Structures are given as structure tokens and as C-alpha cells.
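S.K.: These protein sequences, in sequence, are chains P and E.
Taken in order, the first sequence gives residues 1 to 400; the numbers are from the numbering used here.
Taken in order, the second sequence gives residues 1001 to 1444; the numbers are from the numbering used here.
Be a bit skeptical, because a hint or two may be false.
Derived lysine-lysine pairs resembling BS3-like cross-links, with alpha carbons at most 27 Å apart [as the list claims (entries may be wrong)]: (1) 251(P) <-> 377(P); (2) 1149(E) <-> 211(P); (3) 2(P) <-> 377(P); (4) 1426(E) <-> 1395(E); (5) 2(P) <-> 1426(E); (6) 1417(E) <-> 1395(E).
According to the in silico footprint, chain E covers these stretches of chain P (three or more CB under 8 Å from chain E) [said to hold, decoys possible]: (7) 164–173; (8) 182–190; (9) 265–275; (10) 322–330.
Hints are computed from structural coordinates only; laboratory data are not their basis.
Since the model is a prediction, treat every value here as computed from it, not as a measurement.
From the three backbone atoms N, C-alpha and C, an ideal C-beta is built for every residue, glycine too.
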Amino acid sequence: MKPCAITGLGLVSPLGVGYDALVAALRAQDAAPTDIFHNHPTLLDPETLGVTPLAAECHDFDPKLYLGDKGLRNLDRLTKMLVVSAKFALEHAGLKRDGVHTLSPERVGLCSATAYGSLEAITEAAHVTELEDPRFLNPNRFPNTVINASAGYVSIWEDLRAPNVTVVDGNCGALDAVLSSETHLLYGRADAFVVGGGEALSIPLYLAFHKLGVLADGERVFAPGRRESQGMRLGEGAAYLCLETPEGAKKRGAQVRAYVVGYGNAFEPPESEAVLVHVSATAVQRAIRMALSDAGLQPRDIDVVASAVSGIAHFDAAELAGIETALGPEVAVVAPKAVFGETFGASGAFAMASAVAWFEGLRVGPLVQGKRPEVLKHVLALAVGYYGNATAVILRRAGA
Amino acid sequence: MVGSLRQWIAPAIAARSMTRVFVTGLGVVSSLGLGRDAYWRAVVEGQSGFSTIQGFDTGNLDRSVAGEVRGFNARDFLTAAEARRTGRCSAFALAAARMAVEDAGLSRSDLEGERTSVILGTTMGEADVIGELEHTWMRRGLSAVLPNKLPLYGSTLLPIHLARAFGARGMVQTLPAACAAGNYSIAFAADLIRSGRADVVIAGASELLQKVQFAGFVRLGAVAPDRCQPFDKNRKGLIVGEGAGILVLESEAHAVRRGATALAEVGGAGLACDAHHITRPHPEGLGSLNAMREAITRSGVTADDVDFVNAHGTGTHANDKVEALVIREVFGSRPVPVSSMKGMLGHCMGAASALEAVACVLTVQTGIYPPTMSYETPDPECDLNLVANRSRTGKADIVLNNSLAFGGYDAVVAFAKPGRLPDPSKLAAQVAASTPPSSASFLQ
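Make the full structure from the sequences, and use the hints.
M.R.: Okay, structure coming up:
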């Protein structure tokens, strides 16, 4: 692929709102770790759940601080997080100054991923339809049940009129959104793209994964990438990066934070027809090799893998096996989900944001295997789906 | 704007390795019939796919008619294992894909491997799966929810079921672009082939009718009592539909190598966003106008070259008024033939533009324009050359497929007779040199 410049980032995460706040929080976490998963999630009522939940919630997120009081009533949590992230990303990139576009709004697009959309809205609508009367459905909130609603609202709030794309690829969504954006940029459909994704905590989301027995709640061990791990923990948030062609970024004098230089994606079916959920080491390996080939790089060029290991031990083992086959046993592997939790559609964007922060001096971590590189030039961000799909994106440090 | 459009597009086209992209196979699951032949026969005859909903109780919603797919038995198309792991939406998609692959004459060995991708659109995905899960949870409690049912939900799965069925190991992606999802899928699939990332892409979209979503449309005040009358002065709204339209897209080299018949060429795609309102189109149709013009310009042709427009035409007051305004703006005084198929199919949401894309390909093949049914009273605000109530024959070298969707998504794709569009290697120069349409003032 032709390199794309990352010129800005905007995030809403349990560690803060905005890229600078996130980096500061990560730095503080590195110096003196605090367990954000034990911070009792207010969205998840233990009585309703029947368990004591452990999840990384964006506790201090107050959309009114950033969006004002008006127009928020009918937006769901996912949408609010995405709108705020986009706002921060556009300002961070200088694509907006004090809320005013610096490029034509018709030249700025959005590519936004989510795995489950607004389960909050879907459940609310189902509750009314099932237990009350469908005539009582709130027509102002019903649109939130549609999975591209959040991206539609982002375009309205931020006035983004180039292509608006919603990607649903489970955990791979935010990284797959990179290819979509790169394609639209190179076909001249936009000069800049806001790329990433979001996922919101909700009771049905928590219950579904609890029911599947894959959550490390209660006394179960949470250690992404380690054999002893007994499950993952959910997180939430939204993360967007602004992508532009290097020429476009240069022309408007934008600061380039990093480049995206390679993309690979693969799907492998399970061996048995009876199996649906599986993580494929072969898909992981092929996605990485394709990304290397796309970037014109060799395995030794990858300094760090921002992996997708989440704490589900057998999935993590398959992913690590795929990484080892493609990149060798020595490569440094990091587990961003140990920090953010599992954020599904947003997870790839958090991995890319972590990579940018490492390029800009944040200590690489938390390490699952390998050693911190002395010089950091290329980070491979990985996303691994539950149905045999995997995506890899390679980022290069600006000026490297 | 149009001058600038050429400046952006020409170098972008020149920068990519270009190939023609052909449609070589079609598959359909619809309320008008299963398979392209049954579907097209019904379309040409102007049949209605509307009936009283049988899939769920509409209770006291005061609306009970939809374009529901009848007589679809998943096991007629899917293996037992596939039927167990798919919801109705995926089953529609997989059934239509099997038809399309057979229509294209592709064997499993043609499709196996990394050069085949699956890109699908939808609005709600497996809404029946989550509906059933929610129903069980709310009526019988969490303990009654079976864990093995949970992973069946997720729009992610739609293309994965197809990839498994055909041995495809390339990119699998779902683009939930609401009512423009079919066009989004086809546009991105063509991009993947043109940029050399795939040789074959199974593209299209699938949607099902489900109670919560139906009730939501009713509560939005968008649903007509019993029929859909696109562009009619007395139109009362849309009729919800369901189904799947799947197209096999191939690079020219791949199609030629295996001696495939090209049914149509995929031309340019225009994608834009209104950024105006979550359910209503921009009153001047700005996004839609950009998308239509872009599809024409990217095809290397002018508005004068377009022979027919398969409109979005939902039958709602707002959509039809704005779409008519945009079509008049794009084509000026030339009365290009226009039709909406939603008087027969209803609004199949995510699948709508995919089913209409299938019809566009068949229009290119046969020279038959589908009719706009239930058209009775002309609306001065929708002053178009409508193909009213009876199908019509005419020149069909280049046709446009319009979609204006929820969320402000606008997507338009051009289809053409194979070889009718400019040679891709000369397209950049041609686009750069082309004269802007006479109506360019609208956005300048």
C-alpha cells in the first residue's frame, strides 16, 4: 500500500479523554499501575447481572463537557463516545480549528468500526416490543438500533461529507477500516479520513460473554497472553486516527505522528463443519505476511507487535503461535488489552494509538514476550476475530 | 465542485493499476421469487411481492403488509451444518450466493484461496437471532439462554458463512451502510479488484424482516398501509421488504482466463454523506448529488451517456422529492428514464440496492426498464420520466443504481454493457479532459 500519514488522534477511554490525557495516564500507569478493572462499573448493575462485574468503564466520561447540553438526549453511549473522539481527532490533526474545518467538509470522510453496535438501544427496543407494546417504541431513539447510526451521527456533529463507512468485522473492524480509508484516499474520494471505532459496555454485552464463560470475573486470573489466564475483561471506549496521504499532510503543514505502511487480512475456516468460533493461527500468520509484503518489509523489520491477546488462553495461544511462525520467537509482543480490556471493534484503534504513543516516547508495554527494542521503527498492530479472520496493520515511526 | 471533482479523480485513477470489473453471476432471494430468472420475470411483469406478514404478529401496530419472502427453505440451498449455524439473514445471503456462483459457472477450485473475497452489506444483520435471544432472556430468564446460540449473532458472520461455503480465504467484511449497503458492498468489491487485492469478490447484501425493526419503521411514521407508490403525489410511505441480492464480481483477466460471460461491467461509484439528519435526506440532496455525479465522472462518461436510472424511490415524501430534485439537477432538461422497484419489492433496506443492482445488470442485458408500480397521480415535485406501471424497453448501455440511506449515506454505482465504458488505461486522461455537466452550477 501507499503509506498514509497519521496526523491526529482522539480517544475516549477508561484512562481519559483525548490523546494527550491517554498518554499521560499510560505513563502514570507504567510508573505505578492501578487496576482499572476493579473500579466498579456503574453501567453494570450486579443485581441484574447476578455476578460482580469486572470491566474497564469510562467512568469520568461526560459528553456534555465536550458537546454541550443540547442534542444529546437521544444519542446512545456509543455514539457520544465516537462523536467526542472524532472531535478530538480532528482538532488534534488540525483538520479543524476551534470547530471550523480547515479542509472542505466534502473532502473529509469517516470509516468507523463497531462489532456490536448499540446493544443498549437494541435491548431497549426489544424490551418495549416484547414486554410492553410496540406502539410505545420511541421513534427518536429507535434509529440507534441501526448499526451505522453512530457513524451517521458523527458525520452530522462533525460535518463530514465525504464517504461515510461503517465496518463490522468483529475484533478486526478498526484495522480493516484502515484499508477501506486507504482505498478511498487513493481513489481520490477524500483528502482525509477519520478512522477507528468504538464499543460501549452494556448489560447484554456483559451477560453474553459471561454466559459464554470467557470473562475473568470473580477470582479468575486475568493475564492476557499467558497460559494461566482464565478469561478476558471487557472494556469500552472509542478511538479515531486521522489518515491522509503524505502529500496532503505535507501540503497543509500537518504534523505527521506516524505512517501506516502495510495491511494484511486473512480468513481460515475451522477444520470441522460443526465449529463456528475459533481463532486461526494460520490466518494470523497469513495476515502478518501479507502486511509485510504490502509494506515491502521483512519479518526482522518488525520491532514490536501490538497484539490482540485478550486473556482467553487458547485463543491467545493460537495467536502467539501465528505471530511466532510469521515473525520468529524473539519479536516483542505487547498486550494492549491488558490495559484497555477487550473493546472489540475499537481494539485495533487502541492498538494503533498505543503504537503512536510508543513512537513518541512512551515506554512499550505491557510486554507478553520478547524484549523492548532499543530503537522503535515499525509496530505491527494485530486484530484477531472469533470466526477465523485476522488483520494486521504496520505502522512506521515518523521520520524513520 | 465538478471541475474540482475531475482534478481529484483523474490523478487518483492514474495512480492505480486499473482493470475492468465484470459481473459474471447473479443470485436472488426475494418476495418476487427465488433465483434471477423468477425474479426478473416478476419484475418485468410488474408483479407485487406484498402480502400480510406471517413471520410475526403485528398486533395493534396498524400496519401488517410487507414484502416478505415466502417459500424459502434454507435446506434447499444450505447443508445441514450450514443451516444450523446461520440465521435467516445469512441463509438468504448464502442461498443467493450459491445461485450467483452457479450462474457465474465458478467451481470451488476457481474460488478457493486468498484471491477470493466476500464483502456483504446489511442494515440489521441477524436481527432474528438477537430477537430470539432477547425474547428468551426477557420471557424466560437468563438461565434459559443457550450459550451456543450467542455466537450466531453478529453481522460479522454474514460474509464468513459464504467464505466457508466457497473456500474463499481473502478479505471478509460486512459493510452495514443501511439502505445503501448493497451499493457500498459492490463499490468496495470493485475497488478491491481494481487495486489488485482480489480477483473475485462475492458482493451484495441481505436483510430480513423482523418485528422490532418493523415496529420501529411504523413508529417513525414511514410505513404505508398496503402499497408503496414511489414518486406518486399521494404516496403514503414505504413498505418494508426482505431478501438478498448477490453479484459475482471478477477482474477482466480472471473472467477472460476462464472463458466467463460478462453480464455487465461495473462502472464508477459515487459515495458521499449528507451530514444533515439521521433519518431525513438533505433537503437539496447535496450528498446524493455528489454521489450521482461522481459515479458518472468515475465511469469516464457524461450524464448524457446514461440511459436509465434505477432510483432509490422509497415512496416516502421526503426521499422521492429530494431524489427527483437531484435527478433533474444531474440530467438537466434531458428526461432520462427513471424507475423505482419498491412498488413491487418494498424497501428491503440493506438488500435494497443489491437487489436493484441485480436488476440493473439485467436491464443492461435485456434493454428492459423495470416498472414503477402503483403510480397514479403525477407529483409536480417529482417531475421525472417515470417508467410507470409497465416495463419499457430502451437503450441500456449505461445505467445508474441510486441509493440514499439512513445516516445520510449516499451511494451510486454505474453498470454498463461490457466494453461500453472507456478503456481503464485511458480513463484518467479522459476524466481530466471531460467537460463538466451543464448543471454544474448547483454546487459551484
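S.K.: Determine which of the earlier numbered hints do not hold for this structure and return their numbers in increasing order.
M.R.: 10
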